[in-house]
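Peer 1: Protein chains in written order, with numbering that gives the first Met the number 0: chain A, 0 to 251; chain B, 0 to 267.
Hints may contain errors.
[As the list claims (entries may be wrong)] Between beta-carbon pairs, the in silico distance windows are:
id, chain 1, residue 1, chain 2, residue 2, range
1, B, P94, A, P91, 39 to 45 Å
2, B, G262, A, S159, 46 to 52 Å
3, A, E239, B, F120, 26 to 32 Å
[What the hints assert, rightly or not] To list a few chain A residues with every Cβ distance to chain B over 12 Å, as calculated:
id, residue
4, P32
5, P98
6, A207
[Unchecked claim] Quick partial rundown of chain B residues pointing at chain A, CB under 8 Å, derived from the structure:
id, residue
7, P94
8, I97
9, F98
If you're looking for bench data, these hints aren't it; they were derived computationally from the structure.
Heads up, the beta-carbon is just placed ideally off N, CA and C, and yes, glycines get one too.
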Amino acid sequence: MSLLVRLRPWAFIAVLLLAWQIAISRQPNHLLPDPITVLGAFVELARRGLLFKYIVASLFRVTWGFLLAAFVAIPAGLAIGWYRRTEMALNPLIQIFRPISPLAWIPISILWFGVGDIAAIFLIFLASALPLTLTAINAVESIPAVYVNAGRNFGLSQASLVYRVLYPAVIPQLIIGLRITLGIAWLVVVAAEMIAVNSGLGFLIVDARNAGNRYDLVVAGMIMIGLIGLCLDMGMRSLENIRSLRWGYSED
Amino acid sequence: MSTQASNIVNAGPTAARAVKTKLRAQGLSMVFRRDGKETSVLDNISLDVHEGEFICLLGPSGCGKSTMLNAMAGFLAPTSGTVTIDDEAVVGPDPRRIFVFQERGVFPWLTVEGNIGFGLFKLSKEERERRIAYYIKLVGLQGFEKAYPQELSGGMKQRLEVARALAVNPDMLFLDEPFGALDSITRLIMRGELLRIWEQEKKTIIFVTHDIEEAVQLSDRVVVMSARPAKIQQIVEIDIPHPRDISSPRYLELRDGIFEQIGLAHKV
Chain A
0 MSLLVRLRPW AFIAVLLLAW QIAISRQPNH LLPDPITVLG AFVELARRGL
50 LFKYIVASLF RVTWGFLLAA FVAIPAGLAI GWYRRTEMAL NPLIQIFRPI
100 SPLAWIPISI LWFGVGDIAA IFLIFLASAL PLTLTAINAV ESIPAVYVNA
150 GRNFGLSQAS LVYRVLYPAV IPQLIIGLRI TLGIAWLVVV AAEMIAVNSG
200 LGFLIVDARN AGNRYDLVVA GMIMIGLIGL CLDMGMRSLE NIRSLRWGYS
250 ED
Chain B
0 MSTQASNIVN AGPTAARAVK TKLRAQGLSM VFRRDGKETS VLDNISLDVH
50 EGEFICLLGP SGCGKSTMLN AMAGFLAPTS GTVTIDDEAV VGPDPRRIFV
100 FQERGVFPWL TVEGNIGFGL FKLSKEERER RIAYYIKLVG LQGFEKAYPQ
150 ELSGGMKQRL EVARALAVNP DMLFLDEPFG ALDSITRLIM RGELLRIWEQ
200 EKKTIIFVTH DIEEAVQLSD RVVVMSARPA KIQQIVEIDI PHPRDISSPR
250 YLELRDGIFE QIGLAHKV
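Turn these sequences into a full structure, and let the hints guide you.
Peer 2: This is the structure:
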């Protein structure tokens, strides 16, 4: 890709920012702060040490909730998918829990864990665990029988069949599932922080509004959430470029 | 017996040789049940395969020849009948006999080396590396040791799967239409390679195909199967030494005999 093509989306963003600035300066009716004021809000947050602190707080909760969910849900999902009967038994339960928004759990998580980090982490855990379980179930069920048969043919024990065939065969799909789920977890942490805690980027947004309608801080918080979400997604996406996994992502 | 003698294709006098039975299928029947309906796929099939023999199971698509191969390899339990190999009942897959599933069977997450070494986990590191190198050379994949299957052509993947099978030094190979997905030129080359390897390694091979030419070019005996439920229609001994001249009168006679047996006029 040439430099010009790479720069194109950035140029487009710059144009939008400019348009935003011009529009607000011509129509100053407080529908939105202008970009320069938002930039000022970033500087203010950074100077007060809140920017870094809130980012760390949000990432901390997402990391713990997400990792806990991965450690519980992936092995559980793999086992459920491997033993069809378990899947048939558990499927109705999973289907009932699935449409319940993680946010509906906020009152219960506060009841159980009080206002604080653990409640927020629990919400992230809930939001991540179900999609990860489903991903793992689907991943196991879509392993071509030929791989399992080949593994058995070479005399693998049940344990090494899991380690040497099942596990590598599901990794590419699991990574896609992890990436999508991390996106969900990041959406949920912001919502959880608006209610269950008093730090983090979600808290920044409600707090800025409550404490004097500081919409410049609100928009700064939103942009920060977007940028970090993008970074998380890019990080997960880079895993898809590992050479031994690439087979799982192309048609050929 | 379901085997019929034919006077069209006479096997002719075979060289007297001590034949030891490697695999014996007796009264093999297979009935699949789905949605309350029963489909009979194999009907009372008996077959003896000699040690070191190259057998082709030939029949139309969907006739049940793959089912028969899977039953002989231990992946499917027959509804009735038995399979014994070296007088031992087959109860499941075994590393002493490897099934080659077209090119689809290679593990995409392992390199060429990793695939060939897959079944060698009981060997020492040195022995494993020695065998990997030997079989990479045997199937002509030098220079591709670190390549992933995705980066190989169809023919190379096929050779890789054969190499992975041979590396564990099995005494039998089951090949299920292994060259079906290849273009006709690669297919011809692969047949030559397989014969070369077979002559070098002295394995017993059971090869499933729906290609009459392929069966006559490769095998010692062609087992012609009927449409479902599969029975053995005829067993044709191919008494032409390798390398076979595929325009010789004897080759054409045997081939045309099978064409007639299957009920195809040999005209397009």
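Peer 1: Hints first: check each against the structure and report whether it holds.
Peer 2: Going down the list of hints, with the structure as the test:
Distance hint for P94(B) and P91(A): a CB-CB separation of about 41 Å, consistent with the stated range 39 to 45 Å. At about 48 Å, the CB distance of G262(B) to S159(A) agrees with the hint of 46 to 52 Å. Checking the proposed 26 to 32 Å range against E239(A) and F120(B) shows it holds: the Cβ atoms sit about 29 Å from each other. Here P32(A) stays apart from chain B, with its beta-carbon at least about 50 Å from theirs, past the 12 Å limit.
The beta carbon of P98(A) is kept farther than 12 Å from every beta carbon of chain B, the shortest such distance being approximately 31 Å. The claim that A207(A) is not at the interface with chain B holds, since no C-beta of that chain comes within 12 Å of its own (minimum 48 Å). The restraint placing P94(B) at the interface with chain A holds, with a minimum CB-CB distance near 4 Å, inside the 8 Å limit. Taking 8 Å as the C-beta cut-off, the interface hint given for I97(B) holds, the closest approach to chain A being about 6 Å.
About 5 Å separates the beta-carbon of F98(B) from the nearest beta-carbon of chain A, less than 8 Å, and the hint is met.
Hint check: no violations occur; every hint is consistent with the structure.
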